[in-house]
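*Asks:* Use the sequences and the hints to build the structure in full.
What follows is each chain in one-letter form.
Number of protein chains: 2
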Amino acid sequence: MSKEKEHTRISELGEFGLIDRLTKNIQLKNESTLKGVGDDAAVLNYGDKCVVFSTDLLTEGIHFNLMYVPLKHLGYKSVVVNLSDIFAMNAQPRQITVNIALSNKFSVEAVEELYSGIHLACEKYGIDLVGGDTTSSLTGLTISVSVLGEAAKDDLVYRSGAKEGDILCVSGDLGGAYMGLQLLERENEVFKVNDNMQPQLEGYDYILERQLKPETRPDVIAAFKKIGIKPTSMIDISDGLSSEIMHLCNGSKVGCRLDESKVPMDNQTKKMAEELNINPLVSALNGGEDYELLFTVSPEDYEKLKNDPDFTAIGEMVNESAGAHLIAAGGSEIPLQAQGWNHQK
Amino acid sequence: MSKEKEHTRISELGEFGLIDRLTKNIQLKNESTLKGVGDDAAVLNYGDKCVVFSTDLLTEGIHFNLMYVPLKHLGYKSVVVNLSDIFAMNAQPRQITVNIALSNKFSVEAVEELYSGIHLACEKYGIDLVGGDTTSSLTGLTISVSVLGEAAKDDLVYRSGAKEGDILCVSGDLGGAYMGLQLLERENEVFKVNDNMQPQLEGYDYILERQLKPETRPDVIAAFKKIGIKPTSMIDISDGLSSEIMHLCNGSKVGCRLDESKVPMDNQTKKMAEELNINPLVSALNGGEDYELLFTVSPEDYEKLKNDPDFTAIGEMVNESAGAHLIAAGGSEIPLQAQGWNHQK
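Just so you know, the sequences run in chain order A and B.
In case it helps, the UniProt record's numbering puts the first sequence at residues 1 to 345.
In case it helps, the UniProt record's numbering puts the second sequence at residues 1 to 345.
No wet-lab data here; the hints were simulated from the structure.
Just so you know, these numbers come straight off a predicted model, no measurement behind them.
Hints may be right or wrong, so weigh each one.
The list cannot tell twin chains apart, which means a pair is met if one copy fits it or any two copies do.
With a straight-line cut-off of 25 Å between C-alpha atoms, the simulated DSS-like cross-links for lysine-lysine are [what the hints assert, rightly or not]:
1) LYS225 / LYS163
2) LYS29 / LYS49
3) LYS24 / LYS192
4) LYS124 / LYS49
5) LYS163 / LYS72
6) LYS72 / LYS192
7) LYS29 / LYS163
8) LYS29 / LYS124
9) LYS72 / LYS29
10) LYS153 / LYS49
11) LYS24 / LYS105
12) LYS153 / LYS29
13) LYS226 / LYS29
14) LYS306 / LYS226
15) LYS271 / LYS49
16) LYS29 / LYS225
17) LYS213 / LYS29
*Replies:* Next comes the structure, spelled out in C-alpha cells:
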C-alpha cells in the first residue's frame, strides 16, 4: 500500500457508495445467474427451482461486543440474520455454511457454546449446516455465514417491483433491537466503572431479546402463501427502516410517503427511548437489526392482509419524482436518507 | 466467557479435531442436501443438476502478510482457492460472493486494488461475482469467499470412492508455494532490519508466482472428460500432500503407500529448499497452498492418462489395515500425518 498515490477515505463514499464503485462494472457471464449484486440475495437457476444465495460477515467490536453478548446468542443471531435475507426474497432457506476466525483467547468450550447457538437456529428453522472453515485470527472473532435457499421462479420477490399506489407494510414492530443495544451499552459502561454493580435490565426483556436473540419471519412468508398474495417488492430490515425504504424506492424507481404516526413500536422501545432521552422514531428509522420484513403490496392485496395484526401499513409508494419522505405529525415532509455503516475510527 | 468452567485449548484438538467436535452431531433435515460437512464442498440437489457449495476465510497475519502480498494478488488468490474446492469435486464453479471486513487503514483505492484481483480471477475462470458484504473491522483485513458450482450428479467425485489398488496421482508439481513463502518471509525479515535493502528474488519467479498468484486446474477436469475417465476420489492440495492423502484414506477407508521418489517438484522449489537448508519433500508434504488436484484412479483408467506429462502417479491405495505411509528412498516406511492449522500464538 506504500505506493498508492490517491487515498480516498472509505467514509467519503460510505458503504453503499463503496459497493457501487466495486461492483458497477460486473458483467454476468453464466446462464445460471439470474440476479447478481443488488438485492437481499443472488438468484441462480440450476433446474426446476431457483437457488437463492446470500452471505454476511460479523466482526467483533463492530457487530458484537463479547462483554455482554453471550456466545450462544451470537451463534444464533449470526444464522438468523442470514435466513432473513432469504425470506426477504419470499424464498425458503435450506443450507448454511459457517466460517469462523478465532483468536487464541477462545477455548474449545467457548467455540462449542457459539456453535450450540448455530445448531439451535438450524434446528428451529429447519436448516442444514453443510460446511465452513475454521481458522486462526490474530485478533478478535469473525463469523461469516453463507446461506442457500430455494423458490419457484414466479414466487421470488425482488426490491424492484413496487408500483406507484402500492401500500408499504411492515411485519412486527421496529426499533426494539436498537434500544436493547443502548440499554446493554449503558449497563456495560456502568459495569466498567464499578464491576460490583449488577446490570439494571428488569422490565426490558423484550428489547433485550430483540437485540440478543432476534428471530426471523418464515411465518410472514407462510401467511402470504395462505392468503394468496405476493408482495410487489420486499426487503428485510437490517440497517433501519429509512435505508430499506430507500433501497425499495431506488430498486423500483418510485417515491414513498412514510407516515410517522403509523410506525409500529413496542412499549418497551418507547419507554427505553424516553429513559435515554432519544426520539423512539430514530431507533426505528436508523437503528436496524429488527429483521422484520418490509414490503409493498397492491391496494387489492392489501385488503386481504389488513386485518392481520402482525402487519402494519406505514405508507404509500408514490411517483419517483416526488421522492421519499417521512410525513411528520404536523404534516411536514422530511426527506429520508439511507444510512449504511461508516468507519467509526 | 467469564463463567466457563472448562478451558480446553484449541491446539489440544487441532483444526480437524475441533471441526469434528463441532459437527459430529449434525443430522441433515432437507431433501435437497445430498452431502454436508466432510468434503471439499457440500452437494445440493435443486433440480436437474447438483449445486456444489464451498467457502473459505482468509485473515490478515494468518493467511497473508500485507508487507509483501500485493492486494491485487490477494484478491485473485482468495477467489482461486475457492474455485479449487469446486474443481476438486469434478464440478464447474459458476458464482461467488465476497465478504470483506476492512480496518480504517484501507483507502477506497486499496479496496479497489483488492477487487481488481477478484474481478481478474472471475474473468479468467468465467465466474460471476453475485453478492457479498463489506463491513468494518477494528483490526486487520478479513476476506471470506463462498462459491457455487454445478455438476451432473454422476460426475461428482468425492473423497470417499478410492479403492484398494487404485493409483494415486497428482497434477502439476508440489511445494512451490511454500518455498515461495519462505523466500518472501526471508526477504521481509531482511527488509525489516534494513529498509534500503532490495529484496533478492531473481531466479525464483516460478515459486513466487505459486505463492502470490496461484492458479487452479479447470484443465484437469477438462482432461478427465476428454479422455473419458472419472477419478474414484479427489481433493485439492491446500494444506499439503500429507493431510490431503489422509483425507482420502479416511474418506475412502483405505490405506496408502506414497512413493517419496515420485513426488513432483520444480527445480526452483528444490533450489530454494537447498538454499534454506530444508528438505524439499517437507514443502510438498506439509507446505500446502499448491492448489493442485490429488486424485485416485482405477488401474485401467490410469493407463489412459499416464502419458500426460501433467499428471504424476505418486503412490497406490492399499488396504485400510496397512495404514498410510511414505515409502522413503531406502525402503523405510514413515507414517503420514494430517496437519491442519494450529494456533501460533
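*Asks:* Does each hint fit the structure? Answer for all of them.
*Replies:* Now for the hints, and whether the structure bears them out:
1. Within a single copy, LYS225 and LYS163 get their C-alpha atoms as close as 21 Å, which meets the 25 Å cut-off; across copies the closest is 49 Å, which misses it.
2. In the homo-oligomer, the alpha carbons of LYS29 and LYS49 lie at most 25 Å apart both inside one protomer (20 Å) and across protomers (18 Å), since each shortest distance falls under that limit.
3. Taking CA atoms no more than 25 Å apart as the test, LYS24 paired with LYS192 passes in neither setting, with 45 Å inside one copy and 39 Å between copies.
4. In the homo-oligomer, the alpha carbons of LYS124 and LYS49 lie at most 25 Å apart inside one protomer (24 Å), although the nearest pairing across protomers, at 28 Å, exceeds that limit.
5. Taking CA atoms no more than 25 Å apart as the test, LYS163 paired with LYS72 passes in neither setting, with 42 Å inside one copy and 42 Å between copies.
6. When the C-alpha separation of LYS72 and LYS192 is checked against a cutoff of 25 Å, the pair qualifies only within one copy, where the shortest distance is 23 Å, while the shortest distance between copies is 42 Å.
7. In this homomeric assembly, LYS29 and LYS163 never come within 25 Å of each other (Cα to Cα): the closest approach is 30 Å inside a single copy and 38 Å across copies.
8. Only between protomers do LYS29 and LYS124 lie at most 25 Å apart by alpha-carbon distance; the minimum there is 11 Å, versus 37 Å within a single protomer.
9. In the homo-oligomer, the alpha carbons of LYS72 and LYS29 lie at most 25 Å apart only across protomers (22 Å), although the nearest pairing inside one protomer, at 40 Å, exceeds that limit.
10. In the homo-oligomer, the alpha carbons of LYS153 and LYS49 lie at most 25 Å apart both inside one protomer (7 Å) and across protomers (16 Å), since each shortest distance falls under that limit.
11. With identical chains, the CA atoms of LYS24 and LYS105 are at most 25 Å apart between copies only, with a shortest distance of 24 Å across copies and 40 Å within one.
12. Taking the shortest alpha-carbon separations for LYS153 and LYS29, both the intra-copy value of 20 Å and the inter-copy value of 23 Å come in at or below 25 Å.
13. Taking identical chains as interchangeable, the C-alpha atoms of LYS226 and LYS29 lie at most 25 Å apart only when they sit on different chains, with a minimum of 24 Å there against 37 Å within one chain.
14. Proximity of LYS306 to LYS226 under the C-alpha cut-off of 25 Å is restricted to the intra-copy arrangement: shortest distance 14 Å within a copy versus 60 Å between copies.
15. For the identical chains of this complex, LYS271 and LYS49 are neighbours neither inside a copy (46 Å) nor across copies (53 Å), given an alpha-carbon limit of 25 Å.
16. In the homo-oligomer, the alpha carbons of LYS29 and LYS225 lie at most 25 Å apart only across protomers (22 Å), although the nearest pairing inside one protomer, at 33 Å, exceeds that limit.
17. For a Cα distance limit of 25 Å, the shortest separation of LYS213 from LYS29 across copies, 23 Å, qualifies, whereas the shortest one inside one copy, 39 Å, does not.
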